[in-house]
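Here the protein sequences line up with chains A and B, keeping their order.
Just so we're aligned, residue 14 is where the first sequence starts under my numbering, counting upward by one.
Just so we're aligned, residue 14 is where the second sequence starts under my numbering, counting upward by one.
Simulated from the structure, these hints should not be mistaken for lab results.
The model shown is predicted, which means the values in this text are computed figures rather than measured ones.
Since the list can't tell identical chains apart, any single copy or any two copies may satisfy a pair.
List of simulated lysine-lysine pairs, DSSO-like, C-alpha gap at most 27 Å:
id, residue 1, residue 2
1, 409, 32
2, 318, 287
3, 355, 411
4, 194, 82
5, 142, 205
6, 395, 82
7, 16, 318
8, 318, 411
9, 16, 32
10, 409, 355
11, 218, 142
12, 355, 16
2 protein chains.
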Amino acid sequence: MSKAIILVMDGLGDLPDAKGYTPLSAALKPNMDRLADEGATGLFSSIGAGIVPGSDTSHLSIFGYEQEKYYPGRGPLEAIGARFPLKEGDIAFRANLATVENGKIWDRRAGRITTEDAKAFSKYIQKFKVGTGIDAIFQPTVEHRGILILRGKNLSPDITPTDPHSNIALPKSMPLDPKDKAAKRTADALNKFTKMAMHTLDKAKENKDRRRPVNAVIVRGAGTYSKVDSMFQRYGVRGACIAGGALYKGVASYVGMDIVDVKGATGTFETDLKAKGKAALQALWSHDFVFVHVKATDSFSHDGKFEEKKNFIAKVDKELMPTLLRGNCNIIITGDHSTPVKRRAHSGDPCPLLISGPDVRRDDVKKFDEFACGAGALGHVKGTELFNIMLNLIEKAKMCGT
Amino acid sequence: MSKAIILVMDGLGDLPDAKGYTPLSAALKPNMDRLADEGATGLFSSIGAGIVPGSDTSHLSIFGYEQEKYYPGRGPLEAIGARFPLKEGDIAFRANLATVENGKIWDRRAGRITTEDAKAFSKYIQKFKVGTGIDAIFQPTVEHRGILILRGKNLSPDITPTDPHSNIALPKSMPLDPKDKAAKRTADALNKFTKMAMHTLDKAKENKDRRRPVNAVIVRGAGTYSKVDSMFQRYGVRGACIAGGALYKGVASYVGMDIVDVKGATGTFETDLKAKGKAALQALWSHDFVFVHVKATDSFSHDGKFEEKKNFIAKVDKELMPTLLRGNCNIIITGDHSTPVKRRAHSGDPCPLLISGPDVRRDDVKKFDEFACGAGALGHVKGTELFNIMLNLIEKAKMCGT
Numbered sequence: 014m015s016k017a018i019i020l021v022m023d024g025l026g027d028l029p030d031a032k033g034y035t036p037l038s039a040a041l042k043p044n045m046d047r048l049a050d051e052g053a054t055g056l057f058s059s060i061g062a063g064i065v066p067g068s069d070t071s072h073l074s075i076f077g078y079e080q081e082k083y084y085p086g087r088g089p090l091e092a093i094g095a096r097f098p099l100k101e102g103d104i105a106f107r108a109n110l111a112t113v114e115n116g117k118i119w120d121r122r123a124g125r126i127t128t129e130d131a132k133a134f135s136k137y138i139q140k141f142k143v144g145t146g147i148d149a150i151f152q153p154t155v156e157h158r159g160i161l162i163l164r165g166k167n168l169s170p171d172i173t174p175t176d177p178h179s180n181i182a183l184p185k186s187m188p189l190d191p192k193d194k195a196a197k198r199t200a201d202a203l204n205k206f207t208k209m210a211m212h213t214l215d216k217a218k219e220n221k222d223r224r225r226p227v228n229a230v231i232v233r234g235a236g237t238y239s240k241v242d243s244m245f246q247r248y249g250v251r252g253a254c255i256a257g258g259a260l261y262k263g264v265a266s267y268v269g270m271d272i273v274d275v276k277g278a279t280g281t282f283e284t285d286l287k288a289k290g291k292a293a294l295q296a297l298w299s300h301d302f303v304f305v306h307v308k309a310t311d312s313f314s315h316d317g318k319f320e321e322k323k324n325f326i327a328k329v330d331k332e333l334m335p336t337l338l339r340g341n342c343n344i345i346i347t348g349d350h351s352t353p354v355k356r357r358a359h360s361g362d363p364c365p366l367l368i369s370g371p372d373v374r375r376d377d378v379k380k381f382d383e384f385a386c387g388a389g390a391l392g393h394v395k396g397t398e399l400f401n402i403m404l405n406l407i408e409k410a411k412m413c414g415t
Numbered sequence: 014m015s016k017a018i019i020l021v022m023d024g025l026g027d028l029p030d031a032k033g034y035t036p037l038s039a040a041l042k043p044n045m046d047r048l049a050d051e052g053a054t055g056l057f058s059s060i061g062a063g064i065v066p067g068s069d070t071s072h073l074s075i076f077g078y079e080q081e082k083y084y085p086g087r088g089p090l091e092a093i094g095a096r097f098p099l100k101e102g103d104i105a106f107r108a109n110l111a112t113v114e115n116g117k118i119w120d121r122r123a124g125r126i127t128t129e130d131a132k133a134f135s136k137y138i139q140k141f142k143v144g145t146g147i148d149a150i151f152q153p154t155v156e157h158r159g160i161l162i163l164r165g166k167n168l169s170p171d172i173t174p175t176d177p178h179s180n181i182a183l184p185k186s187m188p189l190d191p192k193d194k195a196a197k198r199t200a201d202a203l204n205k206f207t208k209m210a211m212h213t214l215d216k217a218k219e220n221k222d223r224r225r226p227v228n229a230v231i232v233r234g235a236g237t238y239s240k241v242d243s244m245f246q247r248y249g250v251r252g253a254c255i256a257g258g259a260l261y262k263g264v265a266s267y268v269g270m271d272i273v274d275v276k277g278a279t280g281t282f283e284t285d286l287k288a289k290g291k292a293a294l295q296a297l298w299s300h301d302f303v304f305v306h307v308k309a310t311d312s313f314s315h316d317g318k319f320e321e322k323k324n325f326i327a328k329v330d331k332e333l334m335p336t337l338l339r340g341n342c343n344i345i346i347t348g349d350h351s352t353p354v355k356r357r358a359h360s361g362d363p364c365p366l367l368i369s370g371p372d373v374r375r376d377d378v379k380k381f382d383e384f385a386c387g388a389g390a391l392g393h394v395k396g397t398e399l400f401n402i403m404l405n406l407i408e409k410a411k412m413c414g415t
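Model the full assembly from the supplied sequences, consistent with the hints where possible.
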């Protein structure tokens with residue numbers, strides 16, 4: 014039985030610099046180039062041509078879930094990534110521990126508080142009753158980050174966030190539509206939580222020595238959790254996820270993939286690529302396909318670092334690819350979106366795509382980069398098409414019709 | 014006025030063998046290669062990238078009917094192909110005359126009974142009353158094959174089949190949703206038919222000398238028939254269908270195309286290609302386009318026969334193409350789906366596509382095969398796009414907007 018590895022280099026695609034190079038086209042990557050030569054190539058837009066994908070929506074799409082239909086918002090995906098046991102109807106938010114002074118946000122990250130310190134503060138705000146039959150549950154994750162859950166009947170995610178993404182007056186949450194009673198009830202509950210949390214944190218003894226006291230919780234990315242049919246139910250395949258970042262694990266877990274925790278997989282430049290490769294080979298035994306994610310390509314792009322992005326791609330080629338090649342299976346390599354270093358932000362430019370394996374029709378493209386792959390036989394692959402192409406490749410696609 | 018011939022070689026697309034060849038790329042086919050050289054080429058997925066098409070859904074798509082919306086299930090299409098006068102709301106099934114022993118299916122084809130013998134048995138089970146206001150009507154087609162119609166009010170196709178596609182205990186039909194009353198009523202009617210047919214066939218004198226008695230009717234592919242707007246109503250064009258297989262005629266008839274019966278068009282390797290070509294030229298006079306279907310490419314693929322598939326393609330090039338070329342019109346050549354000989358089953362790989370005619374923009378591709386066409390100017394054509402491209406080619410496309 015044929016299997017597949019999907020390697021996604023986050024934010025892989027880029028735009029030409031003054032000399033016409035991208036980090037990928039300039040990188041030394043003999044393994045990827047050989048696969049491009051032997052296989053088929055093209056371009057990939059995880060949502061659609063010209064659309065700028067988020068990290069969550071792009072991965073839903075890569076996993077075969079149409080983001081228009083299945084995207085639950087960032088909150089639920091963060092909560093799932095943090096292994097919080099969500100219930101149907103829960104409203105989940107991405108939360109920040111923050112510093113507020115005189116009603117104004119002073120630091121959205123409370124002085125980039127450590128994970129350990131954050132835990133100490135979190136015990137004061139674990140759970141509040143914030144309305145008739147409504148509980149607010151807070152759970153810290155990494156550093157200043159956390160998740161907030163509102164649990165109760167008749168709640169709605171259609172409210173404004175209390176994290177304005179800048180240092181202005183701490184806003185109250187409001188329903189998007191003033192006539193929407195469930196949203197009003199939810200905004201009221203959230204505002205009550207905000208007030209209770211501030212009141213409680215203010216008295217925390219741990220704040221005594223902090224220059225930037227942890228005295229507020231601000232939230233964004235509201236979304237309702239509802240269970241979706243798993244990948245196995247929808248497509249009859251079992252997938253494993255190997256990633257450092259919690260969000261990627263969250264998306265994979267949401268669609269029912271198995272999460273393989275790898276020691277040393279940090280989602281940074283220092284991530285242990287060899288350990289990830291070994292874990293991928295092992296997961297391949299018990300799964301139809303393995304998704305392997307590396308993050309630093311995107312991080313370097315956000316910091317505008319061309320050389321570092323180029324070097325990390327070379328490192329992936331040298332330290333991860335040889336192990337993946339030992340899987341002796343189909344290999345798909347692409348990015349979830351472009352993050353051009355000159356823009357320091359996601360863009361809607363497609364990513365290069367290569368598919369290699371015994372049942373792949375070889376095309377004339379011999380290099381893996383944004384320019385060469387534009388002439389590939391796969392053309393411009395969009396959205397969930399890539400997942401369908403993978404299912405066909407591993408002979409797991411169900412017939413449509415008879 | 015410009016016209017077009019669409020030649021569909023069933024299951025045409027293939028995957029490379031050990032030497033990198035497909036039956037098509039290895040076949041001697043000077044006529045098709047010349048058309049590819051003079052015209053434009055690309056790849057075609059009749060439903061979508063990576064999607065594995067059935068024979069019915071793919072042809073709906075080729076005829077410009079979105080299968081997501083218009084696919085009525087296999088039963089109605091088989092019934093239309095058998096020229097059964099379906100009424101709105103009829104539930105139609107594909108049926109098999111079968112042999113059952115001690116409640117277990119022994120032979121799903123009753124010893125591959127001949128068409129003539131099948132007719133003799135069919136007279137016992139032509140029509141039964143199987144519920145209040147519900148008739149069951151059986152009609153034999155070819156060999157063990159037939160169709161069953163349930164006719165009455167408030168019926169539903171949402172039931173389980175009684176043909177399990179393997180030799181296990183004869184299953185009872187059940188509603189897919191136990192609370193669905195119409196489905197319950199339909200499953201009950203079908204189960205009553207099954208019982209009555211078994212009871213009646215059991216006593217048939219024709220069974221006396223048969224090693225595998227015809228003593229059951231098993232069904233699958235339930236679908237409701239409802240009339241759809243004809244191709245002329247939707248697109249203002251008249252199409253003719255030249256095919257051997259009943260299913261292809263059924264799909265064409267369902268969308269209002271004219272069926273041209275050709276003596277010697279058998280849907281097999283021995284099919285009279287010259288007769289089909291002549292019939293196509295004749296039909297071109299009275300139609301805007303003619304669809305010509307050859308089946309053996311697919312049959313050989315299902316049997317894993319590379320050489321035979323290759324030789325049949327060469328035969329089509331030699332015996333059918335010269336006649337079609339005399340039509341002096343646009344020619345489109347492709348497949349409805351790939352059926353790789355190494356898989357012996359349909360796959361989601363695209364088929365090569367060529368379009369040739371005076372108004373076609375010539376590209377650099379000079380050969381008609383899965384590899385060369387990947388570099389063609391048409392790119393990856395999907396679903397009903399091909400039909401729209403054909404309409405534009407023959408100047409019959411309606412403007413969208415003003």
